[in-house]
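Peer 1: Sequence lines, in order, name chains Y and L.
My numbering puts the first sequence at residues 1 to 304.
My numbering puts the second sequence at residues 1 to 304.
Rather than coming from a laboratory, the hints here were simulated on the basis of the structure.
There's no promise every hint is true.
You can't tell identical chains apart in this list, so a pair holds if it fits in one copy or across any two.
[To be verified] Below 30 Å or equal to it, Euclidean Cα-Cα: the simulated BS3-like pairs (lysine-lysine) are:
#1 Lys-300 x Lys-276
#2 Lys-179 x Lys-264
#3 Lys-49 x Lys-276
#4 Lys-260 x Lys-244
#5 Lys-125 x Lys-244
#6 Lys-49 x Lys-239
#7 Lys-96 x Lys-188
#8 Lys-264 x Lys-93
#9 Lys-51 x Lys-239
#10 Lys-276 x Lys-239
#11 Lys-179 x Lys-164
Number of protein chains: 2
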Amino acid sequence: MNFEITILGSSSATPIYQRHPSAQVLNIHERFFLVDCGEGTQMQLNRYKIKFARIHHIFISHLHGDHYFGLMGLLSSMHLQGRTDGMHLYCPKALKEIIDIQLRHSDTVLRYELVYHYTDAVSSKIIFEDDDISVETIILNHRIACTGFLFREKPKKRKLIREKLAQYNVPREQYNSIKSGKDFVNDKGIVIPNEQLTGDPKPPCSYAYCSDTMYDERILSIIRGVDLLYHESTFLEEKAERAKETFHTTAKQAGIMARKAEVKRLIIGHFSSRYKDLYPLLEEAKLEFENTTLAIEGDKFVIE
Amino acid sequence: MNFEITILGSSSATPIYQRHPSAQVLNIHERFFLVDCGEGTQMQLNRYKIKFARIHHIFISHLHGDHYFGLMGLLSSMHLQGRTDGMHLYCPKALKEIIDIQLRHSDTVLRYELVYHYTDAVSSKIIFEDDDISVETIILNHRIACTGFLFREKPKKRKLIREKLAQYNVPREQYNSIKSGKDFVNDKGIVIPNEQLTGDPKPPCSYAYCSDTMYDERILSIIRGVDLLYHESTFLEEKAERAKETFHTTAKQAGIMARKAEVKRLIIGHFSSRYKDLYPLLEEAKLEFENTTLAIEGDKFVIE
Numbered sequence: 001m002n003f004e005i006t007i008l009g010s011s012s013a014t015p016i017y018q019r020h021p022s023a024q025v026l027n028i029h030e031r032f033f034l035v036d037c038g039e040g041t042q043m044q045l046n047r048y049k050i051k052f053a054r055i056h057h058i059f060i061s062h063l064h065g066d067h068y069f070g071l072m073g074l075l076s077s078m079h080l081q082g083r084t085d086g087m088h089l090y091c092p093k094a095l096k097e098i099i100d101i102q103l104r105h106s107d108t109v110l111r112y113e114l115v116y117h118y119t120d121a122v123s124s125k126i127i128f129e130d131d132d133i134s135v136e137t138i139i140l141n142h143r144i145a146c147t148g149f150l151f152r153e154k155p156k157k158r159k160l161i162r163e164k165l166a167q168y169n170v171p172r173e174q175y176n177s178i179k180s181g182k183d184f185v186n187d188k189g190i191v192i193p194n195e196q197l198t199g200d201p202k203p204p205c206s207y208a209y210c211s212d213t214m215y216d217e218r219i220l221s222i223i224r225g226v227d228l229l230y231h232e233s234t235f236l237e238e239k240a241e242r243a244k245e246t247f248h249t250t251a252k253q254a255g256i257m258a259r260k261a262e263v264k265r266l267i268i269g270h271f272s273s274r275y276k277d278l279y280p281l282l283e284e285a286k287l288e289f290e291n292t293t294l295a296i297e298g299d300k301f302v303i304e
Numbered sequence: 001m002n003f004e005i006t007i008l009g010s011s012s013a014t015p016i017y018q019r020h021p022s023a024q025v026l027n028i029h030e031r032f033f034l035v036d037c038g039e040g041t042q043m044q045l046n047r048y049k050i051k052f053a054r055i056h057h058i059f060i061s062h063l064h065g066d067h068y069f070g071l072m073g074l075l076s077s078m079h080l081q082g083r084t085d086g087m088h089l090y091c092p093k094a095l096k097e098i099i100d101i102q103l104r105h106s107d108t109v110l111r112y113e114l115v116y117h118y119t120d121a122v123s124s125k126i127i128f129e130d131d132d133i134s135v136e137t138i139i140l141n142h143r144i145a146c147t148g149f150l151f152r153e154k155p156k157k158r159k160l161i162r163e164k165l166a167q168y169n170v171p172r173e174q175y176n177s178i179k180s181g182k183d184f185v186n187d188k189g190i191v192i193p194n195e196q197l198t199g200d201p202k203p204p205c206s207y208a209y210c211s212d213t214m215y216d217e218r219i220l221s222i223i224r225g226v227d228l229l230y231h232e233s234t235f236l237e238e239k240a241e242r243a244k245e246t247f248h249t250t251a252k253q254a255g256i257m258a259r260k261a262e263v264k265r266l267i268i269g270h271f272s273s274r275y276k277d278l279y280p281l282l283e284e285a286k287l288e289f290e291n292t293t294l295a296i297e298g299d300k301f302v303i304e
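Construct all of the structure, not just a fragment, from the sequences and the given hints.
Peer 2: In structure tokens, the structure reads:
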């Protein structure tokens, strides 16, 4: 069972210095989720040997081009590769119009279905859910409607202690109810408390993706305590005014956010093209929150 | 005075093996023309150190994504770099709709003007002209409306022979008319024929860009004798049926076209992702037309 994030792009709007616009792939228990899809994402997926066919869910935070200009190319390549599996898109409603007009003018009917799940930037909602995982939108504060995404494993079942099950002759058909926390009653009517048969499960993993946004403490409640927070960090604090004007965040502010939200680890990204050297951004964030890392193309972050 | 083509992308629809979708830059007498703009073109321009600000004319052959998915990103980056110079777009009419809808949903008003010059795939037309150069559309035969582009220098003026001008005491203010082919009449009424005062100018350079198209001899008349022909060559001849079905050309057919059009040199490109090794395509074209070269990203072709 893995929970792994691969950075495909760390740049803000203008790609430069071999940095690519925003895109990440999450592998959660071998389900692949693409988060944002800046220009060149399909080339980055090729570079890091992530097969397009494994991706069934794409999340687009907002309709600034550096977060979605790679989508049409990726969807087209999937079509040309003969894909038939449906693709789920979690995105602002207008994206459908943008995709449809381009398919129409290229006279293309995709071989697979696009299933749209619209986000809104008004209230946080669960937009994906299965037995293991849920994805919830995070309402961000940007120049246009923008949502982040909170990926969270569901609470895991308790871990069976095999020797104890053998010792108390627990029949196999009761394992599931015991995993769920039930006590065991044997055929003499004696109750064996669940805590004698099971251990605590691993705590569920969680990842919050927050790009693009100005510093806004209203998101603290939803991201509180996550294992890993990606928070945009377009500017250094010396450009705090510019950050505010453009609805972006400084490295210092991203660090403060991580500290106040008591997250375990912070990744900063969405770097302005004015910074060739990213270490000043890292240093600034670390002064507020030590466990901070730069988003660098190709880097993988594993949540254990 | 230069006439130089730089290949930015040589791939057909699916970018692979470090090959990028279609894009080229022409530098004609220090005017920069971008021809097609596949995904990642802005990154390729950065890689080959071609400044965005130098480009004032972009030609889009047709609305299949591998020929224009990089345009929005490039236009956006130009905007963010503070461009104020207008940009001329030579393209199918529907491209305006595709651009407008994306600008609208990103709430972006470009700092510079987009000046549209619409092509049609019905009849060849001159779509750009100044004192030195003209650009004419080439009607291609593709699944959707598609035009190639013929870049042609205008006939150059005759070359003055400085010693002769001195010998006959030709006043400087007559140089221009003599360059244009006029004879010189001196103050004694004696006519000095132009051919004694001037030499033949260099012949004008020409470049024809033909992508995407099936083999169609109707273009022979317009591309006849050009210095350099770029012709798509998506498949090997063994896939001739597939080429026809998809309105593309084989390497052999591209070679035949070059030979029949009596061009001086052929570049083949728009290679299918099925070919990792491109040399079989080159060999096949060369059997028909020896002076053939592969389009490879970063390669420059100079017309002398």
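Peer 1: The structure should be examined with respect to each hint, and the outcome stated for every one.
Peer 2: Against the structure, the hints:
Taking the shortest alpha-carbon separations for Lys-300 and Lys-276, both the intra-copy value of 22 Å and the inter-copy value of 29 Å come in at or below 30 Å. Taking the shortest Cα distances, Lys-179 and Lys-264 sit within 30 Å of each other inside one copy (28 Å), while across copies they are farther apart (77 Å). With identical chains, the CA atoms of Lys-49 and Lys-276 are at most 30 Å apart both within one copy (27 Å) and between copies (16 Å). Taking the shortest alpha-carbon separations for Lys-260 and Lys-244, only the intra-copy value of 20 Å comes in at or below 30 Å, while the best inter-copy value is 63 Å.
For a Cα distance limit of 30 Å, the shortest separation of Lys-125 from Lys-244 inside one copy, 26 Å, qualifies, whereas the shortest one across copies, 49 Å, does not. When the C-alpha separation of Lys-49 and Lys-239 is checked against a cutoff of 30 Å, the pair qualifies only between copies, where the shortest distance is 28 Å, while the shortest distance within a copy is 37 Å. Proximity of Lys-96 to Lys-188 under the C-alpha cut-off of 30 Å is found in neither arrangement, the shortest distances being 63 Å within a copy and 80 Å between copies. Within a single copy, Lys-264 and Lys-93 get their C-alpha atoms no closer than 33 Å, and across copies no closer than 52 Å, so neither meets the 30 Å cut-off.
For the homomeric pair Lys-51 and Lys-239, the shortest alpha-carbon distance between copies (26 Å) is at most 30 Å, but the shortest distance inside one copy (39 Å) is not. Taking identical chains as interchangeable, the C-alpha atoms of Lys-276 and Lys-239 lie at most 30 Å apart only when both belong to the same chain, with a minimum of 16 Å there against 47 Å between chains. With identical chains, the CA atoms of Lys-179 and Lys-164 are at most 30 Å apart within one copy only, with a shortest distance of 13 Å there and 104 Å across copies.
When each numbered hint is compared with the structure, violations occur for hints 7, 8.
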